[in-house]
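Asks: The primary structure of each chain is shown beneath.
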Amino acid sequence: MSSQSATVPELPAALSLGLRPLPLAPLSMALKILVRSAVHRHPAMFARLGDQAGKRFVIDPTDLPFVVVMTPRLDDPEIEAVRRGEEPAADARIAGPLAGLVGLVHGNYDGDALFFSRDLSVEGDMSAVVALRNALDDAEIDLVAEAAAVLGPLANPAERVGRIAAGVAERITGIAFARTRSEP
Amino acid sequence: MTAATLASPAPAANTPAPRPWTKKLELVCPAGTPAAMRAAIEAGADSVYCGFADETNARNFPGLNFSPTEMADAIAYAHKRNVKVLVAVNTFPRAGSPGSWHKAIDTIAAAGGDAAIVADIGLLDYACEKHPKLRLHLSVQAAAASADSIRYYVERFGVKRVVLPRVLTVAEIAALNKEIPCETEVFVFGGLCVMAEGRCSLSSYATGCSPNMNGVCSPPSHVAYHQEGGAFSSRLGEFLINKVPAGVPMPYPTLCKGRFTANGETSHIFEDPASLDASLLIPPLAEAGVTALKIEGRQRSRSYTDAVVRALRAAVDAHARGKPIDSRALMSLSEGATTTRGAYQKTWR
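Protein chains in written order, with the working numbering: chain R, 1 to 184; chain W, 1001 to 1349.
To be clear, the hints were calculated from the coordinates, so they are not data collected in a lab. Yeah, the Cβ is synthetic: ideal placement off N, Cα and C, and Gly gets one too. What you were told as hints is all true, and nothing was included just to trick you.
Chain R is faced by these chain W residues, among others (derived, beta-carbon under 10 Å): (1) T1033; (2) S1221; (3) H1222.
If we take Cβ atoms under 7 Å as the criterion, some of the chain R residues that face chain W in the derived model are: (4) G107; (5) Y109; (6) D112; (7) V122; (8) A135; (9) D138; (10) E140.
This is chain W alone, in the form it adopts within the complex (with noise of 0.2 Å):
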């Protein structure tokens, strides 16, 4: 199967058909609110991902996301534009109460969204089956990583587009391109995950909630912030999770970013607090078979995203014309006032 033979839902009444899905590396982009999904498509998103302000998508932050109408809203001014909408209702449903996952694929279907991501397979199954026309994208939060996975996925549910979890090497990800029958889309720039997504327990453990049933890891509501003197302290729930003295950047109260002691020695145990920047990394992911970059940041405001998308859209039209790519100026937005190249060019300590 080629992305162009690719089927597209059909579009609700009276809505503009969006642009086929093709083989041009394609940015998809975030957005938190409306406004961030305007700023978006004004940078120059192909795609944008946003999702419900409820606990089916994986960014379940306050004041964040969309309300069903407002889903549609968008929609239809993306469309408008010329862009697609991606619909991330990424989180696992309670075990007998799957009600409001199953209302999310409801609306996005009779909206004329342009795909669901969708991460639990029991929802997968209840998608293909009530809204066949429904483009199905596999969330990374289902940490499908091997070509077995993923064929069964596609297999099973039809899912046309796969998103990669972020362990996988640029060689590992042709080699997986060349053994299975969808789209893959990999993450750019943003915030970095560095555990296996969709199954991390770290935040479950200190707080109860869980990022990958209630959508937040690390909720605001657990997340503590005390000025010692110069010192700047972050801890979520019980759990001291950094320390810095004054005019040391603070990466977010994540668990997996944390600065702890062990042995004697304190330091980021489990991941330094950076962010991705694979933006230099395009060409050889383009080679490898790859169809979408993602930026993450659906928390972040429309700075962050008119800031980011047209970066990465200069940078990927600059490879669609041969020319090198620039890939300054993102440093001030980065976690930490780092960047990685993540596990696409893997070094360890």
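Just chain R, same shape as in the assembly (with noise of 0.2 Å):
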């Protein structure tokens, strides 16, 4: 696990110009299977969410061109990427730069810590907010782990080839798209 920092890294604003003609719909459906296995793999995560499963979330990257909508319900769960500016009504907005998000997804920063110094903003439905955030905190995720998992019988090299592809990605970026281990 990594040590707490006290400064959240951006994405190059050059990265994310470039990410901004992308079609957004091959993502929505990369999201859409990685949640779906999520519920197979983590379904005490869903559980742990109780009520506040059914609401509706809009995570805002705020160094990416665009903003993820979900409701992580355990049964029925929507996930779909979003221009920013266009997203529906929701519950809750949870707003920051991309690596204090996964950092809050790979239990590498303190969400708390992140509100305290503004680099992470909360708006709307404060109970759906932190449900989300404890039931993320209690499942530790890994991503890399997650997106090799969708493969099936190739997951292990999947996550193989993932790893090396996140530290590369972490390289040029500063962002940590792999969990960092220290199981017992």
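Two chains, two separate frames, one set of hints: put the complex together.
Replies: Below, the structure is given as structure tokens:
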């Protein structure tokens, strides 16, 4: 587990600009597959959300040209990438640099510390925000492992390749796309 | 009575016995979720404290805490690693319906929990009558700060440890320890409650939900944040708690840490938003006869737990070896990005 950092890196502006013209439909499709897989791999995380699982969240990576809209229901989760400003009404919005949001998923950052420092902003239904934060934190998710898992029998080699790719991406962007593991 | 003579509760069948209670300064660490508990243990906790996902504990936040099954698994996991599990059942039961609280105590006893942390007199009575082998700690929520009060809990209910309210100086703690027949546990790091704990009604007044009975101070269901240009504001119920310009650290939306205007001056009237950091006071607290140091923060992430437990493990170990304590590195995790030594070294405005 990485130590707490006071500085959250931002995606290089040129890279963010370069992503702007890309279509979002393939990303939405990939996110849907990822979330459906996560439902099977981490049912306790969705259960921990309790009544808040039916809420609609906007996750806003402020250094990317789009937001992610999701409803993390265990039985019928929804997720979609949408251009910023075109998102539907939501119960809650969580906004911050991509590195901070990914770091929260991986447990590399403390949500309250990012909130104190204003690196993270939250609006809307705070019960939903708090439940999502706690459920994600308990799930010990690794995005590389989750992405590899959707490939079924190829998951292990895919995860090895994914970790190499995540390392390269981290050197370019400063963002840790894989969780630093420190199992007991 | 000395700590070495205190009996441990009988462990559940097939569960390795935890380490015996000793006089070594014990690091008691927060575990809001099973993952945070594993992080605390990996980072060097001697004990972890946690609670059930209901009104029976004072950190009843959405998505947090343990189901009875998770609690039993957590206790087994901790015991395998020679770590104790102290379970907080530290809210006050509703009149006429103490069932959830009684069930929580029964569950701890059945799962082999090392102690129940309790505040309510009726619940202490239930626990010591029904489960005489279950070790009882008096929660900070009981606000027991005098020798007479603490002696009553020890003599009447067999309480083995009291978690002291955060209103005492080190000198007062030393004097208290000479007069009471039980261990003391004090807060060493984390969010700082400045009120008489267990008796504060500020949040209840603003929201209708009681920290002391429903388990949530400033419940998120009543918190609202709003961005207005560069300014960021927080509200609790109908009350504006704080409004800060861009770039200024934002504290928790609790009334006691809010900024209000009185006599034409806007300030933190009750208390500045700052985290307690008493790591440099570990030597005098040990000298004062304290048994255990408690880290606040069950509502925080496992990242926080990992960082704070590691830092304080290093501090406690440094003290044990007679080395100086490194007090850096925890600032970014602190509320308002500032720290205080709280009442341990009182200074007044």
